[in-house]
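The whole structure should be built from the sequences, with the hints applied where relevant.
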Amino acid sequence: MSNHLAAGGGGASIWLQELFRRHYKKVVTWCLRVAGDREEAHDLAQAVFVKAQRHLGAFRGDSKVSTWLYSITRSECLNYLKSRSSLNDALEDDVAEALPDDPESRPERVFELHSSVQAARALLDRELTDVEKRVFILHYGDDVPLLTITRLLGLQNPSGAKAYLVSARRKLARALRRWRASERLTA
Amino acid sequence: MAEARSTERSLLRKALSPSRACASPIELGSFAEGSLPHPAAARLRDHVSGCARCQTELTLLTQFENAAPGPDEEAAVRWISARLERRFTDAASPSPWRARHGAAPPRRSAFTALNLGGFALAAATLVAAVAIGLRESRAPELAQLSPAAPTVLRSARITTLSPAGDLDAAPGELRWEPQPEAASYSVQVMEVDHAELWGAETRDASIVLPPALRARIVPGKPLLWEVVARDAAGRAVAWSGKQRFRIRR
Chain A
1 MSNHLAAGGG GASIWLQELF RRHYKKVVTW CLRVAGDREE AHDLAQAVFV
51 KAQRHLGAFR GDSKVSTWLY SITRSECLNY LKSRSSLNDA LEDDVAEALP
101 DDPESRPERV FELHSSVQAA RALLDRELTD VEKRVFILHY GDDVPLLTIT
151 RLLGLQNPSG AKAYLVSARR KLARALRRWR ASERLTA
Chain B
188 MAEARSTERS LLRKALSPSR ACASPIELGS FAEGSLPHPA AARLRDHVSG
238 CARCQTELTL LTQFENAAPG PDEEAAVRWI SARLERRFTD AASPSPWRAR
288 HGAAPPRRSA FTALNLGGFA LAAATLVAAV AIGLRESRAP ELAQLSPAAP
338 TVLRSARITT LSPAGDLDAA PGELRWEPQP EAASYSVQVM EVDHAELWGA
388 ETRDASIVLP PALRARIVPG KPLLWEVVAR DAAGRAVAWS GKQRFRIRR
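Sequence order for the protein chains is A and B. Using the numbering used here, you'd call the opening residue of the first sequence number 1 and step up by one each time. Using the numbering used here, you'd call the opening residue of the second sequence number 188 and step up by one each time.
Accuracy of the hints is not assured; some may be wrong.
[What the hints assert, rightly or not] Mimicking DMTMM-like on lysine to aspartate or glutamate, the simulated pairs with C-alpha atoms at most 25 Å apart in a straight line are:
(1) B:Lys408 - A:Asp37
(2) A:Lys64 - B:Asp233
(3) B:Lys429 - B:Glu360
Derived by calculation from the structure, the hints in this document are not laboratory data.
Right, here's the structure in full:
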């Protein structure tokens, strides 16, 4: 295969175009899952390919082409989501409504009460399932909307990422209550 | 309340962002495919096993590598692919118009015309990148294909006028700025999960909301709406993007 490509024949060109289309489909599918809308996904996918061209000089062959393309897609998609962040809190309202109105159960309390970010992250690691951790980090760490997380992670349950976020926050609230109780005992 | 939420979110974002020890997507990709040199791979294995952040990135990378459109995505992916591929093919091979006149033909949309070169270049570059990656998978010498960075242009946008944001009462109509190329407009009102509540067509740059829909606009419930401008042949020529509104509680 390498020889064929190096020879630069017409067959290689067709084969390469086919390979290009395979990567291109991944990018388009991913952009569609991020945007949830074909017009916006089209613009996003186009921006990814243009950026790939622009940054070709930075590709050192340290990874597969698809990994390199993923890093560009990821960056473009996060920028896109940031630009759309004002539309993203509607489902967050639903999450808040599904939880008791207790300021102490808010997720940031985990990081306020623990002496270091590492300790708080260890708590997350201990208390949450893998999917809950992924949803929590993507939503609160990268501002990815819950509908987008549902599509990106391929979650099949009826309420998608929202259910995992509600469950994660409940678990963290319980862990914080336990943690406070043990602090009182040792004080 | 909104300000408090914003502060809280910024605190969480900071705490959950990648640390200095976290790997880049490229390093994670090499790690996952087993091509990272041994000392670096061992170091990264130790880190990833205890880092939910890197594990999340690895999950996303795997999802991307395996991304294939599901049944409900196939039509949209086909539509996007055809649109981009048409541009690529069109730009790559001279059209009869170019052959006759030696320059790009006048286009219906400035977006289309201006992006042909950029997209073709991007596509050609990617094909070249793939070729390089296949011929020599490590540290290839890469040619700079283009010193000029192409410009990304977005599809034509419709500026919406109302409703938007928090309102005191249910809106009576949707309004937007007219588009010169538009023969008609398709309008859609949706739930926040994009489930359609109501849709209609109009030739004007506004449309009255029916009473049955207005009855469903209740305080505190956010809704989305969008408008697509269509030319005489029914092709979409401009789009508003999704606009959010709700009535205050």
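Going down the list of hints, with the structure as the test:
1. B:Lys408 - A:Asp37: holds (22 Å)
2. A:Lys64 - B:Asp233: Holds. Lysine 64 of chain A to aspartate 233 of chain B sits at ~23 Å (cutoff 25 Å).
3. B:Lys429 - B:Glu360: holds (16 Å)
Of the hints listed earlier, there is not a single one the structure fails to meet.
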